[in-house]
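Engineer: Here is how the chains run, residue by residue.
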Amino acid sequence: MSESCNSRHFSWLVKSCLPNSQDTTNALTPIPLHSPTTTAPTTLSALPDDLLLECLSRVPSSSLPSLSLVCRRWSHIVHSSTFVSLRRIRHFHSSTLFALSSSDSVLFTASLNFKHNDHSTTHDDSNILGDWKVSTFITLQAPSLIDNLSHARLSSIGPRIYIVERHGVLCYDTWTHSLTLRSSMNFRRKKFACAVVSSKIYVAGGGGSRAPAALVEEYDPERDTWSVVAHAPRRRFGCIGAAVDGVFYVIGGLKIGGASETEVPRAAATGTEYASTMDLYDVKTRAWLRSRTVPGGGCAVAACATAAGFVYVLASHAVEMSFWRFDGRRQNGGAGFGEWTRIKSPPLPPQVRVDSTVRFSCVASEEKVVVVQVNGCIDDLLRRSGRNRRGMREGLVLVYDTVGGEWSRGPDLPEVIRRAACVSVEC
Amino acid sequence: MASTDDKVILKSSEGECFEVDMAVASHLQIVKSVLEDCEGSSDKVVSLFIVEAKYVAMIIEYYKNYVELKEKHEEGGFEEKLKEFEKQFLEQIDKKELKGLVMAVNYLNAPALFDVVCTAIAKHIENKSVEYVREYFGIVNDFTAEEEAQIREEHRWAYDGVNDD
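Going line by line, the protein sequences match chains L and V.
In terms of UniProt numbering, the first sequence is residues 1 to 427.
In terms of UniProt numbering, the second sequence is residues 1 to 165.
Please keep in mind that the hints were generated in silico from the structure rather than gathered at the bench.
Backbone N, C-alpha and C define an ideal beta-carbon position, used for all residues, glycine too.
Hints may contain errors.
Stated by the list, open to error - Chain V is nowhere near these chain L residues, computed Cβ spacing over 10 Å in every case: (1) 44; (2) 49; (3) 54; (4) 91; (5) 184; (6) 198; (7) 277; (8) 292; (9) 293; (10) 327.
What the hints assert, rightly or not - Among chain L residues calculated to face chain V with C-beta under 10 Å, some are: (11) 45; (12) 47; (13) 51; (14) 62; (15) 71; (16) 75; (17) 394; (18) 402; (19) 404; (20) 416.
Extracted from the complex, chain L is given alone in its bound form (with noise of 0.2 Å):
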């Protein structure tokens, strides 16, 4: 609550002892910002922005949906991101997983919705509510746009998912459920890196046919354009994105180490050296910071960031795979601020690595980090290698509390949902 009273207008106090000349919270400028005299109109409608926005952040987010369909000024509040924010802040947000995939020209969404944490519920109770959803399909307006999700990269904002694909961007409002289309990055790359700071996704690495990898673009929603904002200190292919503390992480990737362009499919091709580094770009001052080393040697296949702070990395190596969190908080000194902590592995056959038969996606929501298998079949994977148990079927969702600090498996991804690409929607 105190966040929200200080920034209060004391102008209108009067007091009948002299005022204090010093103190400026109570200096008398007669401005009535809300002021609720005989004579304001008494319908609810006339509050002031910031009172409606404390009374609409109260309500539950089932009910949410309809509120941006009673005018305007009631839609642009639901969708401010100060609105997301108060609710994180009084904890009246709800968080679902969403995974997208598409198949001629249709597009699957799957949600889960995340079980709060509250007071009264106990960390061993199960992490998920209820099961997957498969709610929607849409027949594409843009067909060749997401003929195949899983290289696409997904942000959300608020209740919209940015589908941002080499080809295009499109916006999913899981609301509405409707899809429009968006404006594309200025530079066409794939297996880029990609999150949202302060509600503007920002993207960076990849490779394409004009090099974009040492460009990083900003997209601003509201006015849907794309812009280039920093060059980064190295190129990267096949790298991943994070956010925390205003941080843009550009994690791992293969490096692409020629001047020319069209070495990047060729490197990639050969897989040839993994990029065991991660960039950090402060989007605020636009600047990079010291770039960090990337435990484990090997490529880090999943990353994510969570509201607690942390980076979330899924490691993969030629010995085994790895679990790992980075301390983002800057915040308050960052005491913690740049280090590494080995955090329990997903409970994985350890023949399990990260290759081109199986694939991870990983998300991340307030308490949780969700591992979901995305791609590719274990059981396969451990026939081959000779053993003759029964494997863990493809969609495997595991889901970490990083509170508790234990592995437990959630509903299986739906099998109409292949090749999935994945995202975490809070409001």
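Take the given structure of chain L and dock chain V to it, following the hints.
Structural biologist: Positioned in the frame of chain L, the structure of chain V alone reads:
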């Protein structure tokens, strides 16, 4: 104006005076900070120029009960009792007053009651049709006819399964 040490006088916009225990008034952050500023002054009258008497009365009633319940249920059960009282408290406030109250409470910076009132307004929106919300809030639909038609098509579900009132 003479008053005992633990009393303070709140003056509404109409000039009506309310004598209140400090324990109650200190929940209003703005009153608290004013009194801290002029500590040592014998004059303990705070003029709330823009708050009508009826809202001052409501706010005092709420915090009076809040303080009493807290004292009575120190060992526990306070939150349940407070919830009970809040329910009664809200029942006697109509929607016009709710708006005035939220403004007044916001101005006086009283976090607990602010939360109660905002939640009450949010409850009125929960699971209601778009039309109901518009009427309740006195909002004029400013979407164009085409937009409205398109929205209805896309949101058919949003108009189903809502409470009637």
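Engineer: For every hint, state whether the structure bears it out.
Structural biologist: Cross-check of the supplied hints:
The claim that residue 44 of chain L lies off the interface is violated: its Cβ sits roughly 4 Å from the closest Cβ of chain V, which falls inside the 10 Å cut-off. Residue 49 of chain L, annotated as away from the interface, keeps every beta carbon of chain V farther than 10 Å; the closest lies near 12 Å. For residue 54 of chain L, the shortest C-beta to C-beta distance to chain V comes to about 5 Å, within the 10 Å cut-off, and the non-interface label is violated. Here residue 91 of chain L stays apart from chain V, with its beta-carbon at least about 12 Å from theirs, past the 10 Å limit.
With a cut of 10 Å on Cβ distances, residue 184 of chain L stays outside the contact zone with chain V, its closest approach being about 24 Å. Distance check on residue 198 of chain L: its Cβ is at least 25 Å (rounded) from any Cβ of chain V, clearing the 10 Å threshold; non-interface status holds. Non-interface call for residue 277 of chain L relative to chain V: holds, since the shortest CB-CB distance, roughly 45 Å, exceeds 10 Å. With a least beta-carbon separation of about 41 Å from chain V, residue 292 of chain L lies farther than 10 Å from that chain, consistent with its non-interface assignment.
Every Cβ of chain V is farther than 10 Å from the Cβ of residue 293 of chain L; the closest lies at roughly 45 Å, confirming the non-interface assignment. No beta-carbon of chain V is positioned within 10 Å of the beta-carbon of residue 327 of chain L; the least distance is around 32 Å. Taken as an interface hint, residue 45 of chain L checks out: its beta carbon lies about 4 Å from the nearest beta carbon of chain V, inside 10 Å. Satisfaction of the interface hint for residue 47 of chain L is found here, the shortest Cβ-Cβ separation to chain V being roughly 6 Å, below the 10 Å cut-off.
The interface hint given for residue 51 of chain L is met, as the beta carbon of that residue sits about 6 Å from the closest beta carbon of chain V, less than 10 Å. At about 7 Å, the closest approach between the beta carbon of residue 62 of chain L and any beta carbon in chain V falls short of 10 Å, and the interface hint on this residue holds. About 5 Å separates the beta-carbon of residue 71 of chain L from the nearest beta-carbon of chain V, less than 10 Å, and the hint is met. Satisfaction of the interface hint for residue 75 of chain L is found here, the shortest Cβ-Cβ separation to chain V being roughly 9 Å, below the 10 Å cut-off.
Interface hint at residue 394 of chain L: violated, since its Cβ lies 31 Å from the closest Cβ of chain V, which is beyond the 10 Å cut-off. The restraint placing residue 402 of chain L at the interface with chain V is violated, with a minimum CB-CB distance near 28 Å, outside the 10 Å limit. For residue 404 of chain L, the interface hint is violated, the least distance from its beta-carbon to any beta-carbon of chain V being 27 Å, above 10 Å. For residue 416 of chain L, the shortest C-beta to C-beta distance to chain V is roughly 21 Å, which exceeds 10 Å, and the interface hint is violated.
Checked against the numbered hints above, the structure breaks hints 1, 3, 17, 18, 19 and 20 and satisfies the rest.
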